[in-house]
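*Asks:* Same order as they appear, the protein sequences are chains A and B. One point on numbering: in this note's numbering, the residue at position 249 of the first sequence is 249, and numbering is uninterrupted. One gets this note's numbering by counting positions in the second sequence from 1 and adding 1000 to each.
Keep in mind the hints are simulated off the structure, nothing from the lab. Don't be surprised by glycine CBs; every beta carbon is placed ideally from N, CA and C. Be a bit skeptical, because a hint or two may be false.
Pairwise CB distance ranges, derived in the manner of DEER restraints [to be verified]:
no.: 1; chain 1: B; residue 1: H1289; chain 2: A; residue 2: G458; range: 21 to 29 Å
no.: 2; chain 1: A; residue 1: R675; chain 2: B; residue 2: P1428; range: 40 to 48 Å
no.: 3; chain 1: A; residue 1: A19; chain 2: B; residue 2: P1428; range: 52 to 60 Å
Number of protein chains: 2
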Amino acid sequence: MKMLAAALSLAAGLGAARADEGMWTFNNFPSQKVEQQYGFRPTPAWLDQVRLASARLAQGCSASFVSSQGLVLTNHHCAHVCIEQLSTGQRDYVKSGFYARTQAEEPKCPALEVNQLVEITDVTARLNAATAGKEGAAYGEAQRAEMARVEKECQTSDRLRCEVVTLYQGGVYDLYKYKRYQDVRLAFAPEFAIAFFGGDPDNFMFPRYDLDVAFLRVYEDGQPARMEHFFRWSERGAKEGDLTFVSGNPGGTSRQLTVAQLEYARDVGLPDALLRLAELRGRLAEYRHRGAEQARHSNADLFYVENSYKALRGRLEALQDKTFFASKVAAEGKLRADLAKDPARAQRYLPAFDAIARAQADLKQLRRPLNQLERGLAFSGDLFRLARQLVRGAEERPKPNGQRLREFRDSALPAVTQALFSPAPIYPEFEKFQLAFSLEKLREALGADDPAVKKVLGQASPEELAERLVNGTKLADVGYRRKLWEGGQAAVAKAAEDDAMIALALRVDPDARAVRKRYEDGVEAVTKRNAELIAKARFETEGTNTYPDATFTPRLSYGTVKGYQENGREVRPLTTLGGAFERATGREPYALPQSWLDARARLDLATPFDMATTNDIIGGNSGSPVVDRDARVVGLVFDGNIQSLGGDYGFDPAQNRAVAVHGAAILEALAKVYRADRLVQELRSSAAR
Amino acid sequence: MKMLAAALSLAAGLGAARADEGMWTFNNFPSQKVEQQYGFRPTPAWLDQVRLASARLAQGCSASFVSSQGLVLTNHHCAHVCIEQLSTGQRDYVKSGFYARTQAEEPKCPALEVNQLVEITDVTARLNAATAGKEGAAYGEAQRAEMARVEKECQTSDRLRCEVVTLYQGGVYDLYKYKRYQDVRLAFAPEFAIAFFGGDPDNFMFPRYDLDVAFLRVYEDGQPARMEHFFRWSERGAKEGDLTFVSGNPGGTSRQLTVAQLEYARDVGLPDALLRLAELRGRLAEYRHRGAEQARHSNADLFYVENSYKALRGRLEALQDKTFFASKVAAEGKLRADLAKDPARAQRYLPAFDAIARAQADLKQLRRPLNQLERGLAFSGDLFRLARQLVRGAEERPKPNGQRLREFRDSALPAVTQALFSPAPIYPEFEKFQLAFSLEKLREALGADDPAVKKVLGQASPEELAERLVNGTKLADVGYRRKLWEGGQAAVAKAAEDDAMIALALRVDPDARAVRKRYEDGVEAVTKRNAELIAKARFETEGTNTYPDATFTPRLSYGTVKGYQENGREVRPLTTLGGAFERATGREPYALPQSWLDARARLDLATPFDMATTNDIIGGNSGSPVVDRDARVVGLVFDGNIQSLGGDYGFDPAQNRAVAVHGAAILEALAKVYRADRLVQELRSSAAR
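This is chain A alone, in the form it adopts within the complex (with noise of 0.2 Å):
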């Protein structure tokens, strides 16, 4: 993939792990197994640097510390938007690539955060005495209240971003403390043809020819952070067969679930989500044909919006495959006649699954208002979102902070104002096509004669309503959202009265909130509440020594560099650069940048360029390094290949390869093509020491 945090998010937890399986929390890395297995023992001082030299993006992507300097290390996918908001239509960096030749001339990313996990903390007690006896509504409100509170007393700095996770279906809740950065640099990056190379045909494919890499710089009080975590860079880079480490952010993975969710993520999440995505798809795809200006604006969604849809086909994919599914229907049924053996365990955990089954039934009537108007599929574009943050917002934080919506709880709110007041472009013609695409999907989903639908509507047509909208806002202006968010309410219900975007987040949001309710305590608290027992009685089986499924928080796997069979064929673990220059046609996506055609005399056409590995990474992982056993950086994932899409239900140790970028061709290509004499220096630097 481009390992992304994934479109659609399931919930989920695991069985016995097989070799190279899971992607482990690192206060509870399996450090024998690996020694074991590989001769090697993490030790906790090992795990600590690991942990701390790695990052997150908050927008949904991994990242690593890689000099004392604040030097970040990801993916180029994971900087395309801040790349993309800082070009103009004379200068397209997406197009040219970027290089800041001195340090000052780092430009900021108007969007990006980067966080870093200092402190985890175990609140699993907390927790359940809070909710203890509740059920339903009343066990997901209590629930959301201590999380609030326990966020909440952590959160003693707008520096601190504070989250209670949940981990092995509620059998853990830990509260990770991380540090903020929000001043994130451009330090490099690539030109896009070379980042992706081989474009969506390649995607999720191997073997591969890209460098997705970028280079990004956190600073504070406006210098370069200084480090004291960070990895250094490896001199002898990673072969074939060598241990690797992936720390990094998986965004979720669905591997607990039940075959009733199973089953819903088959015949309705995916089919629903895969053939939105396939609609949008072809729009953005022509809507490129309006202009070149139109084609940049646009690029960054078309990514995203493939990307999606191949990582979304190839899970609907593995769950159609009926052995697959069999084993998974065959696995639930081992566990539920297990626990029929005793009466006291099959009283307590058997009804979980039913109630899963009606909770699944529920969404399945309950999704389409949900995704349409509480989760924004209705309102695409940048400018709804901030008119319902606006809205939402001016009525939330006037209450008492554990009965806000979780998003604007206190330890959330410097998240919600960055993207409030971020001075990214937006662009009106793309707007009301997002808008007017969504508008109509609105209609198409609930039926024209819906009252909601007709509350949007009125007489207008989609198109018309489009265009009013976005005519009839000035949200564009970060000042007028400035004095709205401060102004509060009073502000927002005057905006209202002739700011056209504002008045429609008003207007819709009593359905919005009625649905979102729906779901909450009908659905969600429901199979959390009962995904909670179902794990609780698997822990009684299978015992602890497992992982839990994942949540976009930090974890480390462990594998090694690895082909695979594939129809029969052999597929080797290394690529080269020169295989590049053999799979070039001059064409899109298979034209390789002038600045690689002139730089060919120049570079060892025999260095590694992409590799396979098979550690245990999932969407989210984007951006994650690849280190050694001195954890120095030795690649860079950005994909894995098409069978290790399936990695959401189910780990395959014979076929599921993360894609990384070689560290050796990171160097070679900024020293040989880019002439980033600064940067490589500085790696260098790291990686002498």
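Following the hints, position chain B against chain A.
*Replies:* Relative to chain A, chain B alone:
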């Protein structure tokens, strides 16, 4: 629906018919059952009259003769292709509607053909004798050869079309002899805005307010054809509770598929088709923004794609309904359990289920190259289709009739040449758009490294190749096509030297034919043979008092004008002209045309507009007349409600409804909105007799 023949064809049969269920053949109509239920017994003479007054549009719709002068009643959406092809940038009949003030002004439709079923002959014994004792590829070949012989013998003139029709999954083979009318002209069409009022949002919905009507006329030797059999118009009209018959050509149902086939449709076939349609829909919707002409050229395609999308989505939802699917599983389980009780029957019939399941697994493997290369998904547009017809025609025609690909059998050649020499306009920009999309999907479906993909694309990008192919062919010229057809293989080989599209068609043909052969031998023949066995087993158990699955051949269904319950609300079976004015918003797709706004005061707003009936119909029934017990026209089927979409797999009399334009609305609009006095008089004079 727009009850067009569906985009996805599945094989299909059935069990014991429920109230009003069934798409009955004219030679096995349950007259006694109808009499018991409704007190009216259709006689053989009545059935002959209805059959001979009914018609089929060879392109995938139904129709009827409604005057002695060859006047043909069908849907606007069935005549759309003609209305669009007769339009130009200067006069857009899709938008403005069309009315030929005099018969001499009726223009010829370039691509329409009307068929009338004049004779049915049972050829079961001949077919069975030809295939006796054969299996697999040999079975399929023998059957194709015998069908070709039977059709060839029947096909004594270009004015006939002879088809062997497989009924009851091969329980019965009938030879259908049709009279062909190839000179078809346009007499009347209303504006698209009223023909499809409510557009895609209201498609497959009820209540409705659509005048989805067009009048064509068939000519013989340059004169209006003199019809011995035609329907008279009912002056009285239909009201709630009236008995109604629908005579039409349902395209295909799948009511006897095995569970393995239904799973394939649910998990593979329908998702594949829907995802393609969704993406193409997005492209087409945005392509309209290129300009008014581009919108006009692509209108019919967008309409077809949106209609197919909604229809297939409805089918998928029917299969995703757990209760419904479980009923299919239970029915098959019961049949298998019954068979298992008798060792002889078990041995004879039970393996058929597994054989079909294996064929589905093979199809899953084969479907991508099959759909892309052979079924043409990779090469959308008219030009490649023409190139392939020329290339294959040249290769096939010299072969003995029985050894040809079925679409080049002598009996099929008149239809091939009609399409090949059609003067319908071809729009280069739209061709490029379609080809670029489909070539991109080819690369996506098979992968950039697939040898067939490399053979097609070489170093070119899909867009570049599309450009080159369309610019590099003369196939838009009818004379050139005629020369190539007549020149045969030598002419085609010569043309390939400088015609890029012919060259491409030649280049991909070996791969396309190879995968077709694998499909026909390994999947189609196996499925056919074993479905026939299962059908026989069913007949032994359930008797023959049933109807066969639909096959786009003439069928008759019976029912009544009747409403239904939807989400606890009662839906009344009739709407009125006045309702259209209430629903209108002035914006597409709810904008009434100016002609209607102008005529409002003249109209009797209480006139029934559209109606719902319990007749069992499916895609292909578009344009079917609804007639009363006197065989007089009381309506015109143009759609089914959303609940009817599951009708592909089973009929639910509580909710499945056919949706028709009421006969009174047609007369009222012709007279008062369009002042089409000539046609009104022609219809009324028929009615008076």
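*Asks:* Honestly, do A:R675 and B:P1428 meet the 40 to 48 Å range at C-beta?
*Replies:* Holds: the Cβ-Cβ distance is about 46 Å, inside 40 to 48 Å.
*Asks:* Confirm or reject the claim that B:H1289 and A:G458 have a C-beta distance inside 21 to 29 Å.
*Replies:* Given a distance of about 24 Å, which is inside 21 to 29 Å, the answer is holds.
*Asks:* Using the Cβ atoms, figure out if A:A19 sits within 52 to 60 Å of B:P1428.
*Replies:* holds, 57 Å
Consistency with the previously given hints is maintained throughout, with no hint failing.
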